[in-house]
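Those sequence lines, one after another, are chains A and B. Letter by letter, the first sequence follows residues 1 to 281 of our numbering. Letter by letter, the second sequence follows residues 282 to 383 of our numbering.
These aren't lab readings, by the way, just hints derived from the structure by calculation. All figures in this text were calculated on a predicted structure; none of them were measured in a lab. Built from N, CA and C at the ideal position, the CB exists for glycine as well. Any given hint could be a false lead.
If the Cβ cut is set under 10 Å, some of the chain A residues that face chain B in the computed set are [unchecked claim]: (1) GLY93; (2) ASP95; (3) VAL222; (4) LEU250; (5) ALA253; (6) PRO257; (7) LEU279.
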Amino acid sequence: MSETSFSAMGTDAYAVVRSADDGVNVAAFVEAAEAVFSRFRVDSELSRINRSEQLAIRPSPVFAEVLAIADRARTVTGGLVDVGVGGHLAAWGYDRSFERVGDRFHAPDDPGGRGWSFDGATLTREPGVRLDFGGIVKGWVCDRAVESGLASVLSVGGDLRSATDACLVQVRDPWGDDAATVALGVGGLATSSVTRRTWMVGGAPAHHLIDPRTGRPAESPVISATVVGASAVDAEIGAKAVLLRGEQGLAWAADQPWIRSALVVWHDGSVYGTSAVELAS
Amino acid sequence: MSRFTARRALAVGAWAGAALTWAMALLGEPAGSQVAHTPPMGSPTPAVVAASTIMPAVPSPPDGGLVILRFTPVPPPPPEVVVRTVQAPAPRQAVVVMSQGS
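Can you build the whole structure from these sequences, using the hints too?
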């Protein structure tokens, strides 16, 4: 068993694999997924669809698989996790890889609709709607790699999937201190934060998490949310929803059967969790 | 300006499918059992709260209870005295209103 780290999807990735070859292969798999789903690669399938003026498109099978997950995410979160906000994210300035995002003097005008639907084969969008899968793709690659046995643990950015009983995850707060060490075991864990990728718009901080209810970067008393679920995708969806629900986030999470536990870093630096959260002793 | 024609969509689909099919082919053999690991979750930049509204003191508790993992509240900022000048309709006279906001 060996560990490997690499850069992918604009962030750091970490994997536990059986051999160096597996380490190379898991990195290649993540890279292949990024080539399909990146907003910042002009030839990615996502970029081509976002540029397209066609309102109904049949995506590739792999794209369709993730699109179906995104459709479910929107349903189980009551519309809070919605990949249709890609146009809003771009309008606020995150229209290029993050290291090239610059401050802006003024908040943008609302770019308009975010409506889309997917029937399992055809994606239908309102005019001008652009998609951004965000962390859903990160969670998906972690799930895929681990479920197929390529890695026993894969973490990409804030998303992680583990197939080992003895997996502990150290969750850090936005100040770099340990918020908690979660006894994850077999399952998925994801952290969503509004402090990692920020820039200034109109003199105020902006970040990458768009609230579909306002079309603006979310304002929440939660600055970081961590969710544990059966898969990294579930955890990713749950973490974003908890953050967006703010004060009600943990209460909502505790009622969701697909969420095992959740914890949040509160705006004052305190850390709270649901009663089901399992910490390393 | 490029147009996303059906032919091009097919080409994209084929390309994407081929790329990921190749990648999926890498996902062949199962891994064995493992020992515990503690993957780091990254170290964010200093906190910036994009909020202009008054923030609640604590989360709403779930039915099963709220677990406090760390309690380090930062004292709220002192109240700010706001001075506004209001024009009365007649006689024209300035009225100074002082109020406290958070």
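Note to self: Checking each numbered hint in turn, tell me which of them this model violates, lowest number first.
What the structure shows: Of the numbered hints, 1, 2 and 6 do not hold.
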